[in-house]
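Given next are the chains, with one letter for each unit.
2 protein chains.
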Amino acid sequence: MADEAAVREQAEVVRRLKQDKAEPDEIAKEVAKLLEMKAQLGGDEGKHKFVLKTPKGTRDYGPKQMAIRERVFSAIITCFKRHGAEVIDTPVFELKETLTGKYGEDSKLIYDLKDQGGELLSLRYDLTVPFARYLAMNKITNIKRYHIAKVYRRDNPAMTRGRYREFYQCRPIAVPLLFLLVNDRRILDGMFAVCGVPDSKFRTICSSVDKLDKMPWEEVRSEMVGEKGLSPEAADRIGEYVQLHGGMELIEQLLQDPKLSQNKLAKEGLGDMKLLFEYLTLFGITGKISFDLSLARGLDYYTGVIYEAVLLQQENDHGEESVSVGSVAGGGRYDGLVGMFDPKGRKVPCVGVSIGIERLFSILEQRLEASEEKIRTTETQVLVASAQKKLLEERLKLISELWDAGIKAEVLYKKNPKLLNQLQYCEDTGIPLVAIVGEQELKDGVVKLRVVATREEVNIRRESLVEEIRRRTNQL
Amino acid sequence: MADEAAVREQAEVVRRLKQDKAEPDEIAKEVAKLLEMKAQLGGDEGKHKFVLKTPKGTRDYGPKQMAIRERVFSAIITCFKRHGAEVIDTPVFELKETLTGKYGEDSKLIYDLKDQGGELLSLRYDLTVPFARYLAMNKITNIKRYHIAKVYRRDNPAMTRGRYREFYQCRPIAVPLLFLLVNDRRILDGMFAVCGVPDSKFRTICSSVDKLDKMPWEEVRSEMVGEKGLSPEAADRIGEYVQLHGGMELIEQLLQDPKLSQNKLAKEGLGDMKLLFEYLTLFGITGKISFDLSLARGLDYYTGVIYEAVLLQQENDHGEESVSVGSVAGGGRYDGLVGMFDPKGRKVPCVGVSIGIERLFSILEQRLEASEEKIRTTETQVLVASAQKKLLEERLKLISELWDAGIKAEVLYKKNPKLLNQLQYCEDTGIPLVAIVGEQELKDGVVKLRVVATREEVNIRRESLVEEIRRRTNQL
Chain S
1 MADEAAVREQ AEVVRRLKQD KAEPDEIAKE VAKLLEMKAQ LGGDEGKHKF
51 VLKTPKGTRD YGPKQMAIRE RVFSAIITCF KRHGAEVIDT PVFELKETLT
101 GKYGEDSKLI YDLKDQGGEL LSLRYDLTVP FARYLAMNKI TNIKRYHIAK
151 VYRRDNPAMT RGRYREFYQC RPIAVPLLFL LVNDRRILDG MFAVCGVPDS
201 KFRTICSSVD KLDKMPWEEV RSEMVGEKGL SPEAADRIGE YVQLHGGMEL
251 IEQLLQDPKL SQNKLAKEGL GDMKLLFEYL TLFGITGKIS FDLSLARGLD
301 YYTGVIYEAV LLQQENDHGE ESVSVGSVAG GGRYDGLVGM FDPKGRKVPC
351 VGVSIGIERL FSILEQRLEA SEEKIRTTET QVLVASAQKK LLEERLKLIS
401 ELWDAGIKAE VLYKKNPKLL NQLQYCEDTG IPLVAIVGEQ ELKDGVVKLR
451 VVATREEVNI RRESLVEEIR RRTNQL
Chain C
1 MADEAAVREQ AEVVRRLKQD KAEPDEIAKE VAKLLEMKAQ LGGDEGKHKF
51 VLKTPKGTRD YGPKQMAIRE RVFSAIITCF KRHGAEVIDT PVFELKETLT
101 GKYGEDSKLI YDLKDQGGEL LSLRYDLTVP FARYLAMNKI TNIKRYHIAK
151 VYRRDNPAMT RGRYREFYQC RPIAVPLLFL LVNDRRILDG MFAVCGVPDS
201 KFRTICSSVD KLDKMPWEEV RSEMVGEKGL SPEAADRIGE YVQLHGGMEL
251 IEQLLQDPKL SQNKLAKEGL GDMKLLFEYL TLFGITGKIS FDLSLARGLD
301 YYTGVIYEAV LLQQENDHGE ESVSVGSVAG GGRYDGLVGM FDPKGRKVPC
351 VGVSIGIERL FSILEQRLEA SEEKIRTTET QVLVASAQKK LLEERLKLIS
401 ELWDAGIKAE VLYKKNPKLL NQLQYCEDTG IPLVAIVGEQ ELKDGVVKLR
451 VVATREEVNI RRESLVEEIR RRTNQL
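Note that the protein sequences, when read in sequence, are chains S and C.
With the first letter of the first sequence counted as 1, position 60 gets the number 60 in full-length UniProt numbering; the numbers rise by one all the way through.
With the first letter of the second sequence counted as 1, position 372 gets the number 372 in full-length UniProt numbering; the numbers rise by one all the way through.
It is worth saying that the hints were derived from the structure and are not from the lab.
Where hints are given, some of them may not hold.
[What the hints assert, rightly or not] Partial list, computed: chain S residues near chain C (C-beta under 10 angstroms):
1) Ala67
2) Glu70
3) Asp444
4) Glu468
[Said to hold, decoys possible] Take a look, some chain S residues computed to stay more than 10 angstroms from chain C by CB distance:
5) Glu9
6) Pro24
7) Arg82
8) His245
9) Leu250
[Stated by the list, open to error] Coverage of chain C stretches by chain S, computed from C-beta distances (three or more under 8 angstroms per stretch; other residues unrestricted):
10) 116-124
11) 145-154
12) 241-254
13) 354-362
14) 377-386
15) 398-408
We put the beta carbon where it would ideally sit given N, CA and C, even for glycine.
The task is simple: from the sequences and hints, build the whole structure.
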């Protein structure tokens, strides 16, 4: 059944194909589909069916996904806090002009809000530009902060691989994660200069180099020469450099390089790279980090060191399938961005990293699905149950006592639930203990405490129940 | 200096004044201001100055505000978890048609996204409608969840009183908070029927009743009779009812009321209200709750019990100023909303509450400002410092050891910081301990641990340092 939203979506597919100059056959096929959908909609005389979905490129998080998300966040936040970072937050939308001119070609992916009178607004595209606006507005020159929030891009979603239109960014101080590639924009620019790339072509050639993680050198070279008009000699000289990667010995080698060592920018970059590797040696983590001359990073605003965390191929428990997600974090130094917001252009040097949380979610979700591990979505310690009928009031009295003592407790919302159903609820949701009230227990001033896993049952005096539950759930 | 955004904002001010039929003088004043701004902008020949601000009705959260926000959230989440609630999340925008027809007159306050091809989208206006969409989409009939997220309303902001255009909603199961008012839509509808209000006027008369917390009965009555065409007799009958409030005895009295007891809806509502008060008695919280016949709640989707938490007047430590913020939470039962999304119209009964987090923030912020309490924005346990120059490497080695052991530690990002500056940093940021390395300490295999508050200094063997820091910061 076609509906208006689906037709608009299909129209967008066609528009994008045309824009990307796709195969005429493919375009024709999608146009035919669009026309058919429009006809269907017309036949329905404008009365359209309701679509029950989230917007394209977005998802809901159910309790299970949220439990996974909280695990990932908690691991990351613990790390930030260990390094003394503060946390900030900014609005989900900014004045449109705040975002204007910050993202180059990617600006077309920004979500604008409809002009409903008042200010013109756009949804944030990343957390970096709002952060720079925040610094300039509050005249802050010194802060170590993290920011976990969703950002919005009108991109082609690839949801199974963790690529969404609404997704989390998580901008902290640098956190080493898995395997790190590192480079410096000044080394790249110096390299372009000594290879004979004209100044005007620096950025476009840089974006060709950025594709080396997905394309072989030969293809990148032919793009440089064919599409971008670089001389074959210059391209070959670049080719020699960008295949280099290593550690301190490579830095020393390049500092001696007859051409690079003559270039002021490259020398500065290499000097700082050397210092960085000295610190990394102190931290004992050089084994996880590679200085890689092919690392370029897409965004324009970087001015110094740049880095990317790469997730190496993962295999599941059975060793059958493998997941490759490539880059899961990236960032660098951007010394010019805050100055773009400051009326007097005062610069504030910044360095940051953005973690691709959604990709990490995807991986963790897939792994947990493959494993037998059961994910709890609540933290309930005990279910208050009854063995006989007519004990609703007694259940409520007992749970009220437990809640007041800070115990996480639940009760079934039924007047006379069967004991079997109450026990089954614990099995399903992973509640470890059941506190059972019955007529005999009430007479004796005790509560029967049942351990769900072992089916063990013990009578506990009512005044000792809170302590006993805490002891058994290790939440003293 | 006028800029485009400011001019647009001013134009909106004028438009709203006209819409609200404000005083001609006031309109004229604002129009003059608008014209002046436009002239300034024109004189600038289109080249507009950059405005450094967040969109109207929104705010950044700096580290201090975030620390307060985390306190409030943590208190609320702890309560939700104690009652076994799960957590979910939904996208910040929905298909426009998902929100259409759910908010009555308030629909004009919804933020739409610009039509950039593809689906038509709107920012969520509350968390209730997305939740109902989530339930219908996933065919869920049974869930106890909370959802903490920002919602968006193009309202007239009143930021000092905690009213924003971007603000948090927090929808959990019911949490008693301060003083609660409770009523039932069926009791209200039954009351309108027996007072002689025509069916067609139920909603508009209900929204007049809703104003009783801000207006005296005489004004509400004259709105009912004058603007809404209700007979004076009907209004007077309503007036008698809506001034009633109490507990179990009032419920019993109304169950005997010769008119109300004849109305099926009112009888149902009163029966359930009686049951509710029986449970509240079991929980021992009837003292905090009042059955109040004037409570009406604005939104259309409620079908049964409704409630509102009211913050009573607060005084600061000196008893000089007072803060009155009125309602800080509200909610009720809405049995029809999920069915609006289900293709077969299957109903899923729901009950929820929304907490006005921003108002609670405002109050807590004001209180903390008035008090002497210093708010820490990090959790750093120790600063790694040096007493002499040339010890950067030793500082980095030590902090690396501490980080690896899970200690929250910081180091100043300077080559040779003065000891005084390092100690001052601890004073400023509230770091309780300093671990000082010096040449003598390095020789002796110890670290000097200084307690910032007492200036006490002790030498600790390096291998015992982690344990000592944990002991002294109670984070064993």
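Status of each hint after checking the structure:
Below 10 angstroms, beta-carbon pairs count as interface contacts, and alanine 67 of chain S has one with chain C at about 8 angstroms; its hint therefore holds. Hint status for glutamate 70 of chain S: holds, given a least beta-carbon distance of 8 angstroms to chain C, under 10 angstroms. Proximity of aspartate 444 of chain S to chain C is violated relative to the hint, the smallest CB-CB distance being about 22 angstroms (cut-off 10 angstroms). Given the 10 angstroms rule on beta carbons, the hint for glutamate 468 of chain S is violated: about 18 angstroms separates it from the nearest Cβ of chain C.
At roughly 6 angstroms, the least C-beta separation between glutamate 9 of chain S and chain C is not larger than 10 angstroms, which violates its mark as non-interface. Taking the minimum C-beta to C-beta distance to chain C, about 21 angstroms, the non-interface status of proline 24 of chain S holds against the 10 angstroms cut. At roughly 5 angstroms from the closest C-beta of chain C, the C-beta of arginine 82 of chain S falls inside 10 angstroms, breaking its exclusion from the interface. At roughly 25 angstroms, the least C-beta separation between histidine 245 of chain S and chain C is larger than 10 angstroms, which holds for a residue marked as non-interface.
Every C-beta of chain C lies more than 10 angstroms from that of leucine 250 of chain S, the closest at about 22 angstroms, which supports listing it as non-interface. Figure legend: the stretch 116-124 of chain C, annotated as covered by chain S; annotation consistent (7 residues with Cβ-Cβ distances under 8 angstroms, at least 3 required). Only residues whose C-beta sits within less than 8 angstroms of a C-beta in chain S count toward coverage, and the stretch 145-154 of chain C has 4 of them, enough to reach three; the restraint holds. Residue count for the stretch 241-254 of chain C with a Cβ under 8 angstroms from a Cβ of chain S: 0. That is fewer than the three needed, and the coverage hint is violated.
Check on the stretch 354-362 of chain C: 0 of its residues sit with their Cβ under 8 angstroms from a Cβ of chain S, so the three-residue criterion for coverage is violated. With a cut-off of 8 angstroms between beta carbons, the stretch 377-386 of chain C has 4 residues touching chain S; three or more are needed, and the interface restraint holds. Counting residues of the stretch 398-408 of chain C whose beta-carbon sits less than 8 angstroms from any beta-carbon of chain S gives 5, enough to reach three: the coverage restraint holds.
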